[in-house]
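Engineer: Protein chains in written order, with my numbering: chain R, 1 to 290; chain H, 1 to 317.
Do not take every clue at face value.
Here are the simulated lysine to aspartate or glutamate pairs, EDC-like style, with alpha carbons at most 20 Å apart [to be verified]:
id	chain 1	residue 1	chain 2	residue 2
1	H	K160	R	E51
2	R	K56	H	E164
3	H	K160	R	D187
Bear in mind the hints are in silico, worked out from the structure with no lab data behind them. None of the values given here were measured: they were computed from a predicted structure.
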Amino acid sequence: MASMVTAPQSTSSRRSRRTGRVLIHVVVIVICFLTIFPFFWMLSTAFKPPEEVFTKDIRLIPNNPILSNFPDAFQYFPVAQWFGNSLGIAVLTTLGKLVISVPAAFAFARLNFRFDKFFFAMVLATMIVPGVIPIVPNYILVSDLGWINTWWGVVIPSLPATAFFVFLLRQNILQLPQDLLDAARLDGAGTMKLLLHIVLPNIRPAIAVVMILAFLGAWNQYLWPLLILNDFDSKTLAVGMQFFSSNTESAQLWGPMMATATIATLPPLIIYALAQKQIISTFVTSGIKG
Amino acid sequence: MATTRTSNEMQVPARTTSRRGFAWHRLIEGATPYLLIAPLIFLISVFVYWPLFYSTYLSFFDWNFVRPDKAFVGWDNYTRLLDDPRFARALHGTWIYFVALIPIQVFLPLGLAMLLWPIRRAKSQASYRIMLFSPTVIAWSVGAVMWLWIFNPLQGLLNKLLAEFGVERINWLSDRDTAIWTVIVVAAWKTLGFHLILYLAALEAVPHDYVEAAALDGANNWQIMWTIRFPLITPTFFFVLVTTVISVNEDVFGAINVLTQGGPFGSTTNIVYYLYEQGFQYFQIGAASAVSVILFLATVLLTWVQFRFVERHVHYG
Numbered sequence: 001m002a003s004m005v006t007a008p009q010s011t012s013s014r015r016s017r018r019t020g021r022v023l024i025h026v027v028v029i030v031i032c033f034l035t036i037f038p039f040f041w042m043l044s045t046a047f048k049p050p051e052e053v054f055t056k057d058i059r060l061i062p063n064n065p066i067l068s069n070f071p072d073a074f075q076y077f078p079v080a081q082w083f084g085n086s087l088g089i090a091v092l093t094t095l096g097k098l099v100i101s102v103p104a105a106f107a108f109a110r111l112n113f114r115f116d117k118f119f120f121a122m123v124l125a126t127m128i129v130p131g132v133i134p135i136v137p138n139y140i141l142v143s144d145l146g147w148i149n150t151w152w153g154v155v156i157p158s159l160p161a162t163a164f165f166v167f168l169l170r171q172n173i174l175q176l177p178q179d180l181l182d183a184a185r186l187d188g189a190g191t192m193k194l195l196l197h198i199v200l201p202n203i204r205p206a207i208a209v210v211m212i213l214a215f216l217g218a219w220n221q222y223l224w225p226l227l228i229l230n231d232f233d234s235k236t237l238a239v240g241m242q243f244f245s246s247n248t249e250s251a252q253l254w255g256p257m258m259a260t261a262t263i264a265t266l267p268p269l270i271i272y273a274l275a276q277k278q279i280i281s282t283f284v285t286s287g288i289k290g
Numbered sequence: 001m002a003t004t005r006t007s008n009e010m011q012v013p014a015r016t017t018s019r020r021g022f023a024w025h026r027l028i029e030g031a032t033p034y035l036l037i038a039p040l041i042f043l044i045s046v047f048v049y050w051p052l053f054y055s056t057y058l059s060f061f062d063w064n065f066v067r068p069d070k071a072f073v074g075w076d077n078y079t080r081l082l083d084d085p086r087f088a089r090a091l092h093g094t095w096i097y098f099v100a101l102i103p104i105q106v107f108l109p110l111g112l113a114m115l116l117w118p119i120r121r122a123k124s125q126a127s128y129r130i131m132l133f134s135p136t137v138i139a140w141s142v143g144a145v146m147w148l149w150i151f152n153p154l155q156g157l158l159n160k161l162l163a164e165f166g167v168e169r170i171n172w173l174s175d176r177d178t179a180i181w182t183v184i185v186v187a188a189w190k191t192l193g194f195h196l197i198l199y200l201a202a203l204e205a206v207p208h209d210y211v212e213a214a215a216l217d218g219a220n221n222w223q224i225m226w227t228i229r230f231p232l233i234t235p236t237f238f239f240v241l242v243t244t245v246i247s248v249n250e251d252v253f254g255a256i257n258v259l260t261q262g263g264p265f266g267s268t269t270n271i272v273y274y275l276y277e278q279g280f281q282y283f284q285i286g287a288a289s290a291v292s293v294i295l296f297l298a299t300v301l302l303t304w305v306q307f308r309f310v311e312r313h314v315h316y317g
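Please model the complete structure; the sequences and the hints are all you need to start from.
Structural biologist: Right under this line is the structure:
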């Protein structure tokens, strides 16, 4: 930082600055190590044979790595169903949020109608209602609809938690050049045509952001699926996981449990690995909503 | 936020044709905006706003999900909460989480961001960020499962590590003094990277002119950080503070349920966990509803207090 200032530096201050930087690197590397260590430990355990899980010494890397914890996990618990449920629920929630958010964002950005400000305020105000507040009435409703143990019971009540996406998409639609929309209007395009053929293709990056955030949010959600998915086979990975630890014979199951944790973290980590920079900037966008 | 619209308003060209389908066309076009927002408005009405009213209603009744009739009990559910030692423990837990996690989630990442800032041009910076951010993308419950294995008293890594230094086995998860800290560690680990990235993005957005002017006036790096950069990132600081206060009770739920199930002796229970227990383990719908009403009012009040007393120190650039 100081190098941008043109004042000449003495060699001693330069040296002390270099020591300072080395120190910073050391501290940061320690923090990074602590951050990723639980991931590393999960992977290491997932590939350990039982006798290596229960050693007295600390064995960071398995001597004889095995793969059998993965098939074992599938055998002890319906991990394959859980994975399917997590995936189905995450995909449906993502699509559902897009289908309700994009048209609304377009209407709030570009259409003039009575009570538009009121409706928009109504959408934004949902952001200060913690998600746990409506769980009792929503549980009663979902149960009356017969949706307990179904994907719909998890997906539909999660859809309205989309205020931030509406806000983000609306900002993007507002930035589209007015000429683009006017030209289409003059060509006789109706509102729906405008949305589907002009707006939608032009806000693809924002839609990608929404899809990533919505997918991760739905894949990782815990409290609501915990309430709705009671049948053993109907659970998601995030909810089912802990049966490994509450199982009475769990003393032997740490390997399969960490294998399941690996499977549960894989989709988010793959998405993250494919697009770290975009994902980080996506979350930054999500943080600048004030 | 809501004022940017006027200049972008859609001009619907006046139609001068007098075809017979004309009125229909106008009607459909006029209804379109409402059709576009209808699914969203319907869903938030049913699943967010209606429950606020219905919870308030239910909080005055004694009911257990199953019985066909609900018995009106007035304020009983609220007064009973005051007498319930479990509720007192939940409030105490909520308070501990607040006092520990607000500084940990708000200030710790800020400190780390300031630490990373002088080395932002280092080649390793990108790798640091990628590593620190990784817990953000996974589930709270799965992250807690990873830590469950580390904190496990018999075979967990932490106790094995401490044993190397001659420390006796500690029952991290079932000791009343340590259990709540396991949840706090998981929460700190889970949120550090996200808040760090927010702060770094804000630091990057500080206009260079200000920094240069201060440097020419002889300010050192430390002074620049505190007198120029920090005031200019206060909007992000405020955002992190407000969202942490709104979500902290709920965020730790997954970690509590995986690590300790609220125990031992209710020492890791917070208000959200208490609500879950009342509603979905004891089926005390009235009590659970009363808790949700209290939590909602407290959240609104806390958010208002922050806007009233903290926001005036925020510089919106």
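Engineer: Could you run down the list of hints and mark each one as holding or not?
Structural biologist: Going down the list of hints, with the structure as the test:
1. H/K160 to R/E51: holds (16 Å)
2. R/K56 to H/E164: Answer holds: R/K56 to H/E164 is near 10 Å, not above 20 Å.
3. H/K160 to R/D187: The hint is violated at about 73 Å.
Checked against the numbered hints given earlier, this structure breaks only hint 3.
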